[in-house]
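Since the structure of chain A is provided, determine the placement of chain B on it from the hints.
These protein sequences, in sequence, are chains A and B.
So that you can map any letter, position 64 of the first sequence is 64 in my numbering, and since no number is skipped, the others follow by simple counting.
So that you can map any letter, position 104 of the second sequence is 104 in my numbering, and since no number is skipped, the others follow by simple counting.
Calculated directly from the structure, the hints in this document are not laboratory data.
Possibly wrong hints are sitting among the right ones.
Among the chain B residues that face chain A by a calculated CB cut under 10 Å, a handful are [stated by the list, open to error]:
| no. | residue |
| --- | --- |
| 1 | VAL48 |
| 2 | SER50 |
| 3 | THR105 |
| 4 | GLY111 |
All residues carry an ideal CB built from backbone N, CA and C; glycine is no exception.
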Amino acid sequence: AQKITQTQPGMFVQEKEAVTLDCTYDTSDQSYGLFWYKQPSSGEMIFLIYQGSYDEKNATEGRYSLNFQKARKSANLVISASQLGDSAMYFCAMRVYGNNRLAFGKGNQVVVIP
Amino acid sequence: ETGVTQTPRHLVMGMTNKKSLKCEQHLGHNAMYWYKQSAKKPLELMFVYSLEERVENNSVPSRFSPECPNSSHLFLHLHTLQPEDSALYLCASSQDRIGTSGQETQYFGPGTRLLVL
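Okay, chain B solo, but in the shape it has when bound:
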């Protein structure tokens, strides 16, 4: 058990639907992340939240909208997605400290497998 949970585990949606992915971490961490994993591609970092503030947004289309209401919860709101958005969406968390040396381990959830029809 990694301490990071994601729901739903599987999601099928049409291009006109609105849905949300949920991530919850039980590790007391202060940073949370969304990643996208497409077939035969390296993991792509989408968003980073540190202390509930978005610190990174990697040119992700506006049809993906993240929300971090507190340090334990992270959402990814989906709207008018495209078939190429079908992928495994992974959430992760870590405990970041000032003056970090790059050693803070990110712990991942089980992912949500998204299929856009």
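Chain A with its partners taken away, still in its complex shape:
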């Protein structure tokens, strides 16, 4: 079974600064995908970025980048130039080859302050 660990306490971030959200995972599978989602207070789970286990380069998507360290089984999300609208819960998730199941971590709370 896959396990996703997000242990950081709630974070306050100054507007325009960068923030790194930690995610580690545990799996014996070699082929898998890693995802980050954002959930604002409205409840909708918004897809942010994807990293494949065989991708050689770290994924980037606008202000979001994923620091993928396969040997350490970590997939940290970096948000650059934080904006007030970035205040939300952020979830790391993983899906393995041939499996419909998307395993989620418990999430990181981020509050961006002006």
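Quick look at chain B alone, frame taken from chain A:
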């Protein structure tokens, strides 16, 4: 806009009521999912439908009954729920292919906030 809609957005029901949650995806996907999100818990996968066939049922109590009449619509029928069933219920969809590598992104709807009294 994610292309996945859910109704109602909020629902309050008594333990003896019967209600249904509806999910519709406009993305042309072939797989749909129900998740439950309780306070301070990770998202829990409840049901998976692929090509309108239920492929996963994660030991969900029978008071939750899913229905997938076509690839665009997914329902969750609720009957004699308990207060501990109060949660945010999220629907998602994805386009799954044979020989997948785990990369198929799931897109979520806005959720239904359910309160059982």
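Hint check results:
no. : hint   : in the structure
1   : VAL48  : 5 Å, holds
2   : SER50  : 7 Å, holds
3   : THR105 : 6 Å, holds
4   : GLY111 : 4 Å, holds
When the structure is compared with the earlier hints, no violation turns up for any of them.
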